[in-house]
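There are 2 protein chains.
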Amino acid sequence: MKKGTIKVSVLYPSGEGKTFDMDYYSNKHVPMVGDLLGNAVIGATVENGLGGGAPGSEAPFLAMGNLYFKNIETFESSFGPNAETIMSDLPNFTNIEPIIQISEVMI
Amino acid sequence: MKKGTIKVSVLYPSGEGKTFDMDYYSNKHVPMVGDLLGNAVIGATVENGLGGGAPGSEAPFLAMGNLYFKNIETFESSFGPNAETIMSDLPNFTNIEPIIQISEVMI
Numbered sequence: 536m537k538k539g540t541i542k543v544s545v546l547y548p549s550g551e552g553k554t555f556d557m558d559y560y561s562n563k564h565v566p567m568v569g570d571l572l573g574n575a576v577i578g579a580t581v582e583n584g585l586g587g588g589a590p591g592s593e594a595p596f597l598a599m600g601n602l603y604f605k606n607i608e609t610f611e612s613s614f615g616p617n618a619e620t621i622m623s624d625l626p627n628f629t630n631i632e633p634i635i636q637i638s639e640v641m642i
Numbered sequence: 536m537k538k539g540t541i542k543v544s545v546l547y548p549s550g551e552g553k554t555f556d557m558d559y560y561s562n563k564h565v566p567m568v569g570d571l572l573g574n575a576v577i578g579a580t581v582e583n584g585l586g587g588g589a590p591g592s593e594a595p596f597l598a599m600g601n602l603y604f605k606n607i608e609t610f611e612s613s614f615g616p617n618a619e620t621i622m623s624d625l626p627n628f629t630n631i632e633p634i635i636q637i638s639e640v641m642i
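So the protein sequences, as listed, match chains L and X.
My numbering puts the first residue of the first sequence at 536, with every later residue one more than the last.
My numbering puts the first residue of the second sequence at 536, with every later residue one more than the last.
Since the hints were derived computationally from the structure, they do not count as laboratory data.
There are no misleading hints in this set.
Same chains, same names: a pair is fine if it fits in one copy or spans any two.
Simulated pairs of lysine-lysine, PhoX-like, Cα-Cα distance not exceeding 25 Å:
{"#": "1", "residue 1": "Lys563", "residue 2": "Lys537"}
{"#": "2", "residue 1": "Lys563", "residue 2": "Lys553"}
{"#": "3", "residue 1": "Lys538", "residue 2": "Lys605"}
{"#": "4", "residue 1": "Lys563", "residue 2": "Lys538"}
{"#": "5", "residue 1": "Lys605", "residue 2": "Lys537"}
Working from the sequences, and respecting the hints, build out all of it.
Below you can see the structure in the form of structure tokens.
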């Protein structure tokens with residue numbers, strides 16, 4: 536993705552009793568977010584946690600989702616009005632409170 | 536990136552007194568890792584933390600770096616022999632102990 540692009544990462548930390556339905560997330564939640572945000576989103580990725588740095592260790596995150604926006608204004612103007620709808624879908628696929636990170640693409 | 540690709544994420548959590556030299560990381564560390572791992576790496580991205588989910592909040596991570604590999608075997612066979620060299624470069628750009636996540640690309 537081009538330098539300067541805004542990347543919004545949603546990280547779902549693993550932990551005892553934590554659940555995450557990757558099927559629902561990939562096939563229902565992410566497409567729903569795409570529909571709501573429309574052209575503001577210029578890219579989306581989803582990753583499934585396999586492990587950590589130490590051999591055999593648990594993945595720190597069960598899943599990670601990333602959305603890319605042209606700039607911070609496009610993110611704010613598209614996400615803001617839809618935030619409640621998007622967040623209210625979370626209980627349908629996870630009991631995890633995600634960590635949200637807004638970043639600027641450097642490389 | 537294609538479904539099934541392996542993504543290795545290195546996340547640098549923010550916190551009091553934590554420092555991260557993005558210039559060194561982008562221009563020295565990441566190219567060094569690229570040289571060491573060679574063709575095993577099929578993609579690399581770097582992101583600079585801007586903020587968190589709540590307006591005005593600090594970014595959970597000062598920086599994130601991601602490397603992509605065709606499969607887990609390619610990652611292990613290329614990273615393993617170079618892990619010590621790579622990790623020993625960390626004090627040159629940060630005082631943070633990074634979180635490492637190995638994921639499978641779903642979307």
